[in-house]
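Could you build the full structure based on these sequences and the hints that come with them?
Position 153 of the sequence shown, counting from 1, maps to 153 under our numbering, and the rest follow consecutively.
Simulated from the structure, these hints should not be mistaken for lab results.
Ideal placement from N, C-alpha and C gives every residue a C-beta, glycine not left out.
Heads up, a few of these hints could be off.
What the hints assert, rightly or not - List time: in silico EDC-like cross-link candidates among lysine to aspartate or glutamate, alpha-carbon distance up to 20 Å:
no., residue 1, residue 2
1, Lys43, Glu149
2, Lys170, Glu138
3, Lys172, Glu138
4, Lys98, Glu149
5, Lys43, Glu60
What the hints assert, rightly or not - Taking CB as the label site, the calculated pair distances span:
no., residue 1, residue 2, range
6, Asp147, Asp125, 40 to 48 Å
7, Gly57, Met92, 37 to 45 Å
8, Glu129, His24, 30 to 38 Å
9, Glu28, Ala93, 22 to 30 Å
10, Leu177, Gln33, 22 to 30 Å
11, His83, Glu129, 18 to 26 Å
12, Asp147, Gln33, 21 to 29 Å
13, Ser32, Asn95, 15 to 23 Å
14, Glu149, Ser32, 17 to 25 Å
15, Gly160, Ser32, 29 to 37 Å
16, His91, Ile27, 21 to 29 Å
17, Arg52, His91, 33 to 41 Å
18, Lys15, Lys136, 22 to 30 Å
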Amino acid sequence: MMNSSKKKARAEPSKPQRIRDPIHNLIEFDVSQFEQVIWRVLKTRPFQRLRRIRQLGFTEFVYPGATHSRFAHSVGVFQTARHLMRIIERHMANNEFKSTLAYQALAAALVHDLGHGMFSHAFEDIGKELGLLMAKHENVSDLLIRDSEVSHEFKVLGSGFANDVADIVKRKFPENLYAAV
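So this is what it looks like as structure tokens:
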């Protein structure tokens with residue numbers, strides 16, 4: 001009996017979702033497969049923990065209004081990248097725009113900071129002094145994108161999608177226009 005109710009919950013049609021953001025105002029996620037996957041990634045435990053990580057580390061002790069979280073930052077980066085991707089699509093010839101690469105870049109924009117720890121870069125500096133490999137947020141992000149609830153959600157977009165996204169996040173320099181967004 002329990003299995004049938006789970007199947008019913010999964011079979012319900014998707015509906016648009018939205019987030020109110022103090023900088024970007026209303027960030028909407030439509031019913032397309034890609035945007036619903038992004039919405040489900042937002043709901044994963046690795047992404048939700050970013051709500052408790054301060055974007056600006058200890059800055060709020062000097063500037064009390066500087067309380068931006070990594071969650072808000074990541075959603076804002078996604079929104080900005082999505083806006084830029086629409087501009088790129090509009091200015092490219094129809095057959096030149098590569099939606100698969102665009103989706104990978106947008107997903108990378110969303111999850112690029114997934115591995116940040118407490119107090120952000122201040123923690124990384126201490127971890128570096130102690131030789132802690134996992135103190136570096138890029139290493140943790142890579143693991144979370146490739147092998148966690150996040151990668152499970154990305155599988156809907158293709159078996160190698162999570163790895164492609166992790167590769168974009170890992171690169172120091174973009175390989176193409178899409179990864180530069």
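Verification of the supplied hints:
1. Lys43 - Glu149: Holds. Lys43 to Glu149 sits at ~10 Å (cutoff 20 Å).
2. Lys170 - Glu138: holds (7 Å)
3. Lys172 - Glu138: holds (11 Å)
4. Lys98 - Glu149: Measuring from Cα to Cα gives roughly 26 Å; hence the hint is violated.
5. Lys43 - Glu60: Roughly 26 Å between the alpha carbons, so the hint for Lys43 and Glu60 is violated.
6. Asp147 - Asp125: 40 to 48 Å: Roughly 26 Å apart at Cβ, these two residues miss the hinted range, so it is violated.
7. Gly57 - Met92: 37 to 45 Å: holds (39 Å)
8. Glu129 - His24: 30 to 38 Å: Holds, at about 36 Å.
9. Glu28 - Ala93: 22 to 30 Å: Once the Cβ atoms are compared, 27 Å apart, the range 22 to 30 Å for Ala93 and Glu28 holds.
10. Leu177 - Gln33: 22 to 30 Å: holds (23 Å)
11. His83 - Glu129: 18 to 26 Å: violated (39 Å)
12. Asp147 - Gln33: 21 to 29 Å: Taking Cβ atoms as reference, Asp147 and Gln33 lie about 22 Å apart, which means the hint holds.
13. Ser32 - Asn95: 15 to 23 Å: Because 21 Å falls inside the window, the suggested range holds.
14. Glu149 - Ser32: 17 to 25 Å: Since Glu149 and Ser32 have Cβ atoms about 21 Å apart, the given range 17 to 25 Å holds.
15. Gly160 - Ser32: 29 to 37 Å: Since Gly160 and Ser32 have Cβ atoms about 20 Å apart, the given range 29 to 37 Å is violated.
16. His91 - Ile27: 21 to 29 Å: With Cβ atoms ~23 Å apart, the hint holds.
17. Arg52 - His91: 33 to 41 Å: holds (39 Å)
18. Lys15 - Lys136: 22 to 30 Å: violated (38 Å)
Consistency note: the structure conflicts with the earlier hints numbered 4, 5, 6, 11, 15 and 18.
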